[in-house]
Amino acid sequence: MTAVTLANLELDLEVFSGPFDLLLTLVLREEVDLLELALADVVLAYLDHLERRGELDLETATEFIVLIAALLELKSRLMLGGEEQELLDIEPEQAAEELLARMLDARRFRAAAAHLGELLAGEHGVRFRAAPPPPRLRRAIVHAADGSHDPDALGAAIGRLLSMPPTISVRHIAVPRVSVAERLAHLRSLLRRGSFSFDEAVRGADRMTVAVTLFALLELYKRGEADWVQQESFGEIAIRGQAREAPVEVLAG
Amino acid sequence: MSAPEPELARTVEALLFLSSDPLSPAELADAAEAGEGAVLAALAVLAEQYAPGRRGITLRELGGGWTLASDPASEDAARRLFSRPRAAALSPAQAETLAIVAYLQPISRPEITRIRGVSADSASATLLDRSLIEEAGHSRFGAVLYRTTTQFLKLFGLRDLDELPDIARWDPTPEEQAELRERLLRAGEARAGGGP
Amino acid sequence: MSAPEPELARTVEALLFLSSDPLSPAELADAAEAGEGAVLAALAVLAEQYAPGRRGITLRELGGGWTLASDPASEDAARRLFSRPRAAALSPAQAETLAIVAYLQPISRPEITRIRGVSADSASATLLDRSLIEEAGHSRFGAVLYRTTTQFLKLFGLRDLDELPDIARWDPTPEEQAELRERLLRAGEARAGGGP
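Those sequence lines, one after another, are chains A, B and C. The numbering used here numbers the first residue of the first sequence as 1 and each following residue consecutively. The numbering used here numbers the first residue of the second sequence as 1 and each following residue consecutively. The numbering used here numbers the first residue of the third sequence as 1 and each following residue consecutively.
In short, the hints are calculated from the structure, not lab data. Treat the hints with caution; some may be incorrect.
[As the list claims (entries may be wrong)] Capping the alpha-carbon separation at 25 Å, the derived lysine to any residue pairs in SDA-like fashion look like this:
1. A:K75 - B:E7
2. A:K75 - B:A41
3. A:K75 - B:L164
4. A:K75 - B:S108
5. A:K75 - B:G64
6. A:K75 - B:W170
7. C:K154 - A:P151
8. C:K154 - A:D105
9. A:K222 - B:E182
10. C:K154 - A:A131
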């Protein structure tokens, strides 16, 4: 059973040694500080464990990945939170519910994927004709479609193909075309007019500008000039001004 | 449904033969300059003639329309002739990504990644390349959205997306859920109390 | 000629349906693992079923081979079907492949594959089929080279290739000086190699 396998994953980390299940529980009860925990070491320990067992149990591996991803997300939220209570205050039950929701989603779609696999296998041997229409009919198609394609689609495709994988694109940061200072000024001018959503702040902006704007927002938060609320993942981020005296430290990322 | 017109059945058959995409009764009616009722009657006649096991070709309702397909019984001969397998099976990552898109479309790649817990980049690139999914605009954060294609419905033998079973069908029972929840909260305690 | 075998007639019918080119009795016999006499008997049965005027599809003998074709009587309907405006014409894979050929022509298929990071075979076959690209000789390593066609220019409303849009608008790193081909190859290889 998967539970046994994951529970048996023995960890020997700087801030914790014991089985994975225990670590999970302690994290959920806030008895081990997630911020102190090097999740990369947990992953390495898991990989060692797999190597020792000499076989890859996909069920367990998937479960592990889902759990570690959930821990990572909780951790990044804690790191961004900075200030003590508001965001840090995730009840153990709530955290457990989140992890549970993740695991259920993962299970559902794994089952749905298996179902799709069966459907595809059931269609084995069914082939479709892929012959082009006879030339005289093809001419009719051609005639109807002159000028119907947008050349910009080709330029955009080249743009996509020119993009380097993320690791190499660090160069973008070295040669920023958008400065944090500039985005700070932009956000402050919006703040002077009241509250606004992140969408409004980056309307029509390219991806780089969106990223830099987010940095600028974090900076404003750190300085106590702005606060934000996001009700749900991928939901709208509402930003409002905040009158506070002492600047709050943000943990180094 | 109107009485079958042999002439129209022949025209519909020719159109189905020529088109590589499934054709809806409305599209057939437009092209044949006939009423949709008459087209449905013609399709019923053809469905009878192409009933499974009668010919080397079958008539199927797939991907929102009607299409002709080979009878699976001829697969061995087809593989020898074309030396190309029909369609490669999906890897587990591809199948999972496809299932997520099929059930939650339109959905962005970051959301797929969030559900899977691992990157979906390479799986979604392969699915795009095999025309099983396609782009469907952008989310408000600029992420590309994906949806499934007619090709997906065709290859998986589905008339439309409604034919996919309710996702709740695979939910664990309330007891199993309670047990999982319990495990998440109590694993440590059980461990501490229960020996090695 | 042997006595007709219904099973074999169905297999032959399926093979003729799937193949876009005429098939000779010898090819059919090989694929169906049957004798040529039996295949000829099966073809005779099919010729009877597909006699002109009986169906929307006809069986024709062309240059020593057999092929299925749509009945000429349905030609007007077929023309109406194909001349309706088609939405979402190019898949992302096809758009990428076409863009690579348009901007870098002449270019070989292996190079297209290196830039895309995935095989471009099916996309380039479709583009060839739709007369958007064509062969343009061979590279010095013997690979087929591709270029775009006049048809391509017409479809995209371009007078000539100089009218292709300036890619600077979509360039993630416009400050980069290297030649476009070299940059695309580098990016493609980085993607294919995967990150750390």
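Verification of the hints:
Using a Cα cut-off of 25 Å, the hinted pair A:K75 and B:E7 is violated, with the two alpha carbons roughly 69 Å apart. The hinted pair formed by A:K75 and B:A41 fails the criterion: a straight-line CA distance of about 62 Å is larger than 25 Å. A distance of roughly 36 Å separates the Cα atoms of A:K75 and B:L164; the hinted pair therefore is violated under the 25 Å criterion. This hinted pair checks out: A:K75 and B:S108 have alpha carbons roughly 23 Å apart, not beyond 25 Å.
Restraint check for A:K75 and B:G64: not satisfied, since their Cα atoms lie roughly 45 Å apart, outside the 25 Å limit. A distance of roughly 30 Å separates the Cα atoms of A:K75 and B:W170; the hinted pair therefore is violated under the 25 Å criterion. At most 25 Å may separate the alpha-carbon atoms for a hinted pair to count; C:K154 and A:P151 meet this at roughly 11 Å. Of the supplied pair hints, the one linking C:K154 and A:D105 is violated, its CA atoms being roughly 48 Å apart against a limit of 25 Å.
With a CA separation close to 38 Å, the supplied pair A:K222 and B:E182 exceeds the 25 Å bound. With a C-alpha separation of about 24 Å, the suggested pairing of C:K154 with A:A131 holds against the 25 Å cut-off.
Violated hints, in rising order: 1, 2, 3, 5, 6, 8 and 9; the structure is consistent with all others.
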